[in-house]
Amino acid sequence: MSRKGAIDLRGIIKRYGEERVVDDVSLTIQPGEFFTFLGPSGSGKTTTLMMIAGFAKVDGGGITIDGADVSALEPQRRGFGMVFQNYAIFPHLNVFENVAFPLRARHRPAQEIREKVIWALNLVQLGAFADRFARQLSGGQQQRVAIARAIVFEPRIVLMDEPLGALDKNLRYDMQVEIKEIQRRLGMTVVYVTHDQEEAMNMSDRIAIMSRGRIAQVGTPSAVYERPTSAFVGRFLGEANIVPVTVKSIEHGIAYLQAGEFELRAAARDGIGVGQKVSLFVRPERVSIGGTGGNWAKGHVRRVSFLGSIVRYQVEIAPSVHVVVDVQNLGLKGYAVGEPLVLGWRVEDCLVLVD
Amino acid sequence: MSRIDKLWRDPSLLIVPAIGLLALGFVVPLVLFFVDTFREMGSLAEIANEALTVIASREVVDAMFTTNWIALLVTLLTLVTGYPIAYYLANSQRLRFTLVLFCIIVPYFTSVIVRTYSWMVLLGRNGIINELMLSSGLVDHPIALLYNKLGITIGMTYVLLPYIIMTLYATMKAIDPNFTRAAQALGASRTYTFLHVYLPLSAHGVLSGCLIVFILAIGFFITPALMGGPKDVMIAMLIERQVELMLDWPNAAILSLLLLAVTLALYAIYYRVTDVRRMMGA
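Going line by line, the protein sequences match chains A and B.
When we follow this note's numbering, the leftmost residue of the first sequence carries the number 1, and every step to the right adds one.
When we follow this note's numbering, the leftmost residue of the second sequence carries the number 356, and every step to the right adds one.
None of these hints come from the bench; they were simulated from the model.
Worth double-checking, as some hints may not be accurate.
Here chain B is said to cover these stretches of chain A; the calculated rule only asks that three of the stretch's residues, wherever they fall, bring their Cβ under 8 Å from a Cβ of chain B [as the list claims (entries may be wrong)]:
| no. | region |
| --- | --- |
| 1 | 78–87 |
| 2 | 98–107 |
| 3 | 144–156 |
If you anchor each label on the Cβ, the simulated ranges turn out as follows [said to hold, decoys possible]:
| no. | chain 1 | residue 1 | chain 2 | residue 2 | range |
| --- | --- | --- | --- | --- | --- |
| 4 | A | Phe55 | B | Phe452 | 19 to 25 Å |
| 5 | B | Phe464 | A | Arg235 | 57 to 63 Å |
| 6 | A | Glu19 | B | Tyr622 | 49 to 55 Å |
| 7 | A | Gly62 | B | Pro439 | 49 to 55 Å |
| 8 | B | Asn533 | A | Glu181 | 25 to 31 Å |
Derived, one-sided and incomplete: chain B residues facing chain A with beta-carbon distance under 7 Å [unchecked claim]:
| no. | residue |
| --- | --- |
| 9 | Ile530 |
| 10 | Pro532 |
| 11 | Asn533 |
| 12 | Gln539 |
| 13 | Ala543 |
| 14 | Tyr547 |
| 15 | Pro555 |
Just so it is clear, CB atoms sit at the ideal spot from N, CA and C, and this is done for glycine as well.
With the rest of the complex left out, here is chain A (with noise of 0.2 Å):
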């Protein structure tokens, strides 16, 4: 028998008046996948989890969990986990019965209630807990209790809605670990939603990147970051530097590109022309001072910013055309503001984007 869990999007549309709020988005979710909509607000991605758990009516389109159609279906009989952004712990309930609920609402005996809410409060560490109601809770701790409530009743798939927004920045990293290491040992899949780019590629199989509706972008998070497939995506996930620049000539499978004064190279790809205005991307960690790796620029420091762990130098190369350049911190003497530099890159940390 092969795992179950797989969700399956078909063209799935959501209008809020004459706006299409989710705009034929398709995909397909492997069973025990820990799948991420990321996005900035506004961009759709909240809303399609909402069609998915059931509270939004999808307007055309439809959804199939292991093949079974649930487009019609109501929230409660979809038989997924669900984690809210704001917890949603009931406040007349103790930490026990918040967790307890989905196995009462589905009238299993006592004893088997015990045992799981037990073993679903000790995978969360909240095992000493069990007492206390949510105003007597930390934050961290209530979204705990919110985790071992959607998994007490060993769903094949839960849902995130932002489930760490409302936490500080430590607490966080640990809880996306914590989140991701029970994801792993349960096997389920997970569908999560959040606009944090650094918590989507710390935990997900896959990403989706939404823009306005539509699915920018899916991939593994490294694939996504290496080889974003628009600026906006490589602007989206991380630093990135979009050069414009504009296609002089296109020989064995190279495009020979220029910025300013400079002559760039990149790997070249369908779809664009001698004489078309493109942009050049880069990460900024891809880029050394001094270094050489066949392409380079000349140009004087705008900009520097000590990051801490890096120090990053914004670098004019051409009027307004600026290059971001990651340095790491080696305690090494660094470059002022107005110093001529020398940057390069290899050829193949560079991509050709058309947008």
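Knowing the structure of chain A, use the given hints to seat chain B on it.
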């Protein structure tokens, strides 16, 4: 000088006229009434003796029983009818909300006497409801809907309905819709969600609403006087009779004090309930 200046700027001074008016128009006459009538009656022991005789009298016991029974019935009826209306109000927007609110608020601002007489037109022996039931063959002779406990209950339920609706509405509006969503997402049916999440979360609203209605109901006068029968005497009517017909001021004072004591005791409970609610941050 500056302290006096500061005192004058204190915004809590704005409440002084209201308190003054209440004291002058309500507290002072009440105290004078009690003091005057009790002074006529003699020593404290005599007053106590008289009070016990009055309270233990058949008439008063009957009235207390009727009052409590009707107040309880009215409280339950307002709860049962008011809860769904409050729920509807808390979960609808704009036009529907305004329309329903209008239907509740407008009668609330209309005189109780006018509303009571309107009910009498509807419920009378030849009233609209009896006519309808006769012509539709539901009954073969008119039913007594008026001048009995049924009439009082219907009338008072109607008059007191807005109080419980507004109390429940305030509570329901404060319930985070994510709680019911979470319950449904976790597999609870609508009924289960209502019984185990929504109802408990609105419970203190139910309690405060019921207390308000009960407190108002035990002191009700106009509606039971107009819509009740000769046997249905509530405590407020008894007080009125003592004053108007018997001219027995001491008895009226004793009964008034009894009613006041019960009301204040219930208000104390109400105060505690609403205070607990604030403590829970709901």
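Structure-based check of all given hints:
1. 78–87: holds (count 6)
2. 98–107: Coverage by chain B holds for the region 98–107 of chain A (5 residues, Cβ < 8 Å).
3. 144–156: holds (count 3)
4. A:Phe55 to B:Phe452: 19 to 25 Å: About 22 Å separates the Cβ atoms of Phe55 (chain A) and Phe452 (chain B), which means 19 to 25 Å holds.
5. B:Phe464 to A:Arg235: 57 to 63 Å: holds, 59 Å
6. A:Glu19 to B:Tyr622: 49 to 55 Å: holds, 52 Å
7. A:Gly62 to B:Pro439: 49 to 55 Å: violated, 35 Å
8. B:Asn533 to A:Glu181: 25 to 31 Å: Given about 26 Å between the Cβ atoms, the range holds.
9. Ile530: violated, 10 Å
10. Pro532: Hint on Pro532 (chain B): violated, closest Cβ of chain A at ~10 Å, above 7 Å.
11. Asn533: holds, 4 Å
12. Gln539: holds, 5 Å
13. Ala543: For Ala543 (chain B), the interface hint holds, since the closest Cβ of chain A sits about 4 Å away, which is under 7 Å.
14. Tyr547: holds, 5 Å
15. Pro555: holds, 5 Å
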